[in-house]
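Here's the letter readout for the chains.
2 protein chains.
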Amino acid sequence: MKTKALLLAAIAAPFAALATAPAQADEGMWTFDQFPAEQMRADYGWAPDQAWLDRVRASAVRLTGGCSASFVSAEGLILTNHHCVVGCLANLSTGDDDLVANGFNPADRTEERKCPGQQAEVVTKITDVTADIKGAMKGLDGEALVKARDARVAAIESENCSDRETTRCQVVTLYGGGQYKLYQYRKYSDVRIAWAPEFQAAFFGGDPDNFNYPRYALDAAFLRAYENGKPVTTKSHLKWNPRAPKDGEATFVVGNPGSTQRMLTQSQLAFQREVAVPITLTTLSELRGRLISAMDVSPEREREGGDTLFGVENSLKVYIGRTKALNDPDFMGKLAAAETELRAKSAGNAEIGDPWSAIESAVDDYRDMYLAARFDQPSGDLYRYASALVRAAAERTKPNGERLRGYTDSDLPLTEKRLLDAQPVHPWLEELRMEWSLSKAREYLGADHPQTKLLLGKESPEGLAERLVSETKLADPAVRKALWDGGQAAIEASTDPMIVYARRLDANARALQKRFDTVYDAPVTAAQAKLADARFAAYGDSQYPDATFTLRISYGKVAGWMENGEMVPTRTTMGGAFERATGAQPFVLAKAYSANEAKIDKATTYDFISTNDIIGGNSGSPVIDRAGSVIGAAFDGNIHSLGGNYGYDGNLNRTVSVSTAAIQEALETIYPAPGLVKELAAK
Amino acid sequence: MKTKALLLAAIAAPFAALATAPAQADEGMWTFDQFPAEQMRADYGWAPDQAWLDRVRASAVRLTGGCSASFVSAEGLILTNHHCVVGCLANLSTGDDDLVANGFNPADRTEERKCPGQQAEVVTKITDVTADIKGAMKGLDGEALVKARDARVAAIESENCSDRETTRCQVVTLYGGGQYKLYQYRKYSDVRIAWAPEFQAAFFGGDPDNFNYPRYALDAAFLRAYENGKPVTTKSHLKWNPRAPKDGEATFVVGNPGSTQRMLTQSQLAFQREVAVPITLTTLSELRGRLISAMDVSPEREREGGDTLFGVENSLKVYIGRTKALNDPDFMGKLAAAETELRAKSAGNAEIGDPWSAIESAVDDYRDMYLAARFDQPSGDLYRYASALVRAAAERTKPNGERLRGYTDSDLPLTEKRLLDAQPVHPWLEELRMEWSLSKAREYLGADHPQTKLLLGKESPEGLAERLVSETKLADPAVRKALWDGGQAAIEASTDPMIVYARRLDANARALQKRFDTVYDAPVTAAQAKLADARFAAYGDSQYPDATFTLRISYGKVAGWMENGEMVPTRTTMGGAFERATGAQPFVLAKAYSANEAKIDKATTYDFISTNDIIGGNSGSPVIDRAGSVIGAAFDGNIHSLGGNYGYDGNLNRTVSVSTAAIQEALETIYPAPGLVKELAAK
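So the protein sequences, as listed, match chains A and B.
For what it's worth, our numbering labels the leading residue of the first sequence as 307, then goes sequentially.
For what it's worth, our numbering labels the leading residue of the second sequence as 307, then goes sequentially.
Quick caveat, the hints were computed from the structure, so don't treat them as lab data.
All C-beta atoms in this analysis are idealised placements derived from N, C-alpha and C, irrespective of residue type, glycine included.
Treat the hints loosely; a few may be bogus.
[Stated by the list, open to error] Partial chain A-side listing against chain B, Cβ under 10 Å, derived:
1) Ala576
2) Leu590
3) Lys623
4) Ala753
5) Arg932
[Claimed, not checked] Derived DEER-like restraints, expressed as beta-carbon distance ranges:
6) B/Lys905 x A/Val806: 54 to 64 Å
7) A/Arg810 x B/Val874: 27 to 37 Å
8) B/Pro635 x A/Phe842: 29 to 39 Å
9) A/Arg810 x B/Asp782: 52 to 62 Å
10) B/Gly769 x A/Ala904: 23 to 33 Å
11) A/Arg810 x B/Lys905: 36 to 46 Å
12) B/Leu710 x A/Arg810: 20 to 30 Å
13) A/Glu708 x B/Val874: 39 to 49 Å
14) A/Pro756 x B/Gly956: 43 to 53 Å
15) A/Asp339 x B/Pro635: 51 to 61 Å
16) A/Ala817 x B/Val874: 47 to 57 Å
17) B/Gly445 x A/Asp349: 52 to 62 Å
18) B/Pro635 x A/Pro756: 49 to 59 Å
19) B/Pro635 x A/Thr646: 51 to 61 Å
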């Protein structure tokens with residue numbers, strides 16, 4: 307349930323699809339304009355009204371790194387997870403001042419520090435633009451359809467967000483192409499770290515405990531949004547309530563689930579199971595191993611690689627969970643039965659036709675190009691910089707409607723920010739990632755494949771990675787800025803080896819994208835729109851779309867689940883951490899815990915579970931009670947939740963959250979922050 | 307098609323099963339007492355007679371490291387693969403004298419050097435003991451059945467091989483329990499390396515080219531069997547014929563395929579696909595990554611870890627191939643259809659009953675214990691030593707018939723040899739393997755599992771591995787010898803931390819073995835015997851048993867296959883290696899190739915392919931022509947052969963061999979060995 311899971315999941319899931327069976331109790335990542343109030347009222351005897359929903363929506367924050375959060379004071383204070391800020395802490399750390407290990411607790415606001423590349427966004431308006439977009443695509447197919455759609459999307463985004471300093475527009479595809487909506491955001495580009503505990507407190511139990519429960523993790527941190535050098539005023543914010551949750555009480559999780567694939571058709575699921583997921587398991591596991599040994603060389607590397615390793619291990623666990631789900635005959639049988647039922651209900655409806663076969667045919671075509679598309683470019687921040695610079699230079703010479711995604715007028719500001727914000731670059735880590743990805747490309751494509759020859763020429767993955775990383779100057783933000791500002795002429799004239807290399811790969815990568823658009827994206831988008839129609843026709847309006855890293859609300863309750871014949875308790879206490887500690891990593895108590903043991907109220911509720919339906923990207927989401935107060939921050943799911951990508955099982959799937967009671971205890975006695983305590987208590 | 311594939315395959319394949327459909331053309335790993343001469347004659351117009359078979363059988367050598375080989379002179383000279391001796395070369399290397407990198411080419415026989423742990427074996431007699439063993443098991447089930455069977459096996463082996471210096475007896479289970487045969491071997495415990503090319507010549511193309519074709523690899527080496535300090539006289543040997551193979555000519559591969567699982571039932575295949583293989587992919591990939599980065603630290607580590615990395619990468623490719631096969635609907639559909647057919651043909655036969663359901667039930671029970679059984683003990687040579695010492699001490703106090711496998715009178719000599727032969731131990735590598743395996747145990751069992759607590763106590767995988775490896779003295783063969791000789795008293799008194807640790811884990815591991823015997827081994831053995839009966843009843847006598855690392859003969863022909871609409875040529879030439887070389891690893895030419903380029907006859911046939919049905923363990927097998935001469939040594943399979951574990955496809959599966967013509971060229975011009983040239987040419 308971590309940031310990187312979301313980002314990496316996108317590799318294997320190029321396109322979100324839509325759901326094909328009616329939602330179970332507590333299932334659903336609902337959009338705010340279609341909250342199923344009646345259904346909730348039937349189950350819970352109560353449901354929020356529009357005013358409640360509007361207030362909550364205005365307090366919900368999306369972090370562009372791939373997390374969720376919420377405003378919890380009128381002065382721009384943001385609650386999120388520690389693991390959503392650990393990259394920021396690492397970027398701000400030095401050998402002498404390790405903010406990951408030691409935490410960050412400034413004496414006052416003036417010492418709050420800017421997180422490179424971070425941006426906070428709040429939804430201000432949602433507009434249905436389905437008719438507009440579908441009109442633009444009418445009568446088209448293949449590449450023409452994709453071009454027309456993308457051009458119309460770029461135009462709508464550009465027209466509605468002329469102020470690119472403080473607003474952002476995004477057209478979102480819902481139900482896999484059934485609906486298109488324009489989301490408008492108020493954005494904050496200056497986000498600073500305001501408080502973070504020690505890593506050892508936030509991630510106690512480490513990878514072994516990740517996606518497991520019971521947990522004893524203070525996975526919480528505070529950020530603050532700034533503008534013009536001052537904290538922003540945020541009238542809309544959640545009320546902080548540092549109380550323990552009650553068993554059975556209704557809870558809402560409000561955040562941005564990144565991606566689900568609940569309504570993949572059988573042919574798409576087969577492709578996941580047979581091809582995509584095994585490759586991900588295998589290659590990510592090797593990367594994990596490479597990182598572990600490379601970091602073992604020195605404490606400095608341990609620190610520098612920590613965030614990357616965490617992301618890889620987290621993603622890997624997600625894919626191990628997906629593998630289990632995809633190989634579980636009962637689970638897969640239910641998905642197959644749902645498809646069979648929808649097909650039966652849609653039989654003879656000429657408007658719907660046979661989208662399943664259309665998708666199957668597209669999947670067959672995609673299989674033929676999959677390895678090439680997957681291994682078209684190497685990993686690493688330096689290559690990412692080079693590729694973005696090369697592409698941006700070319701794209702910016704085109705009209706807005708003809709540009710690649712990421713380079714339209716509305717996308718460019720964030721692309722530029724991510725490219726130019728200063729961030730430390732660790733050459734050993736860059737080299738490791740490049741070498742790994744290039745050697746995997748050669749392994750899966752074969753040494754004789756033309757694309758392998760394009761990627762490597764006569765060099766080895768090791769030699770090429772070493773040469774590019776040691777000779778490029780792109781680690782310097784000023785060099786990047788000069789190339790960005792210099793545009794196409796500067797890119798063409800550059801002799802920086804990483805730029806030269808990105809130029810060499812660009813045409814092939816663009817051709818693969820075009821082929822993907824033609825053989826997969828266009829027909830699948832059209833077919834999924836039909837599937838959405840089929841589903842609405844069969845099951846009525848109360849359907850939620852697959853997750854798309856846009857704002858959703860999930861309702862559920864504080865509840866355990868049955869494991870090996872016993873009910874798992876809903877909460878842990880802070881005292882439990884002391885019992886679980888072994889003295890060996892990752893079960894070493896954080897220093898401040900040991901030091902303050904006598905003062906800590908061990909009965910304080912620490913982490914707790916609820917039935918809310920969430921997924922990667924929801925990390926940091928506020929857990930909200932009936933009164934609209936925040937009582938926790940979601941940071942993980944239990945092991946059963948890993949199948950949640952494909953389907954929700956209310957008997958087993960659980961959200962794991964850190965309680966506001968525990969955060970309050972930390973703010974008062976473990977990592978004292980009297981200023982924040984006061985700010986959170988303000989009426 | 308490499309040594310380690312065989313060894314590691316055993317992890318996921320605790321029990322070989324039997325085949326359920328009639329053999330296709332060229333399919334089959336036949337036992338010498340059931341060669342399908344009629345079938346071959348029908349296809350090829352010729353088949354070998356008994357004298358031909360007897361001669362060949364007496365020349366075939368099994369290497370206990372997991373490879374095959376053959377005598378090729380009257381003075382004990384053995385042809386095998388380079389990758390079968392690379393461990394020996396590494397063990398004999400020092401920083402100043404790297405026999406892996408430089409090859410080994412002694413001026414004369416007196417400089418041939420003993421390979422630690424290596425033993426060569428030649429079958430002298432095969433006796434059917436089915437009635438004897440089945441009689442002992444009669445009326446029993448569960449643990450009692452396994453005990454009775456093992457006791458009778460131990461007794462037969464002991465009675466028939468009283469001279470344990472030069473003979474070895476093994477009772478082999480064939481057809482998964484349908485037959486039991488006693489194999490008697492002449493054994494040679496002093497095996498020396500006589501000639502090996504540079505690693506870069508033997509493994510040109512490295513992992514990217516492994517299991518691929520076309521190939522340009524001189525994967526050949528010579529060993530020599532000694533007794534009493536002198537080369538043994540081997541009247542039975544193959545005639546060396548350094549000629550190119552002819553397209554379409556009949557070829558025989560004679561060797562010891564390690565393990566196939568061609569007749570797993572659907573429930574066993576599902577278990578492989580859903581559980582066992584994904585875990586292997588994931589954990590081995592991580593080990594690979596850990597090794598790659600750890601070896602990157604220094605040239606010394608690169609050398610010390612090379613053989614281990616090779617083994618891991620080789621196994622991994624095997625499992626990637628199995629994953630593809632298990633996820634190929636056509637391939638799996640054929641296996642399912644074969645089972646359906648056999649069930650239909652057996653319906654109503656009360657003698658056969660329903661072994662499929664019995665196996666399914668056993669698989670269900672095995673699923674429950676699988677993770678515990680898989681992660682019961684750590685990896686590493688030092689731990690292996692400790693565990694063998696602890697077990698041997700206890701087992702040797704028991705009557706022969708009650709001992710664990712590996713510790714019966716007939717097994718003890720090899721166990722002792724493997725334990726006491728001097729071999730270099732690399733602490734960093736030991737620590738890496740222990741740490742990896744212990745961290746995987748914790749990951750898959752969970753931090754709270756009792757077995758995790760048994761394995762780790764309050765230590766971390768990293769801390770425990772570091773402590774045990776740095777403090778144990780078991781790297782010293784004299785220390786191991788003292789503990790071996792001291793027996794149970796010495797083991798109980800030992801304070802060596804690795805011995806203490808092995809003692810701690812032993813009871814749990816034994817309990818798991820007992821549970822496995824009861825819930826899986828006993829019922830599956832009984833059910834597989836029924837399946838064998840069903841198969842003989844349905845398809846007649848001409849059936850081959852699954853591979854069991856015992857001597858088999860496969861017939862086929864030199865032939866290409868269709869790939870992307872084109873026929874792959876049957877052979878490569880030595881000149882092709884010069885064209886393929888890029889100057890970057892693993893495509894750097896061996897030094898002696900570059901140095902002798904002008905002298906080398908580039909038209910010499912290098913590697914070639916044939917339809918022979920082989921698998922891991924066959925590495926080093928002689929490829930024999932109709933005249934009974936050796937014309938190559940099998941060293942690999944093409945990528946399609948990786949599904950061969952589950953089934954053979956004659957259109958696609960190919961054996962890859964190095965030609966005797968190429969070896970001869972190497973002996974004459976690249977790594978000149980006039981003594982061997984003369985010896986091989988002797989009449």
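Checking each numbered hint in turn, tell me which of them this model violates, lowest number first.
Violated hints: 5, 6, 12, 14, 15, 16, 18 and 19; rest satisfied.
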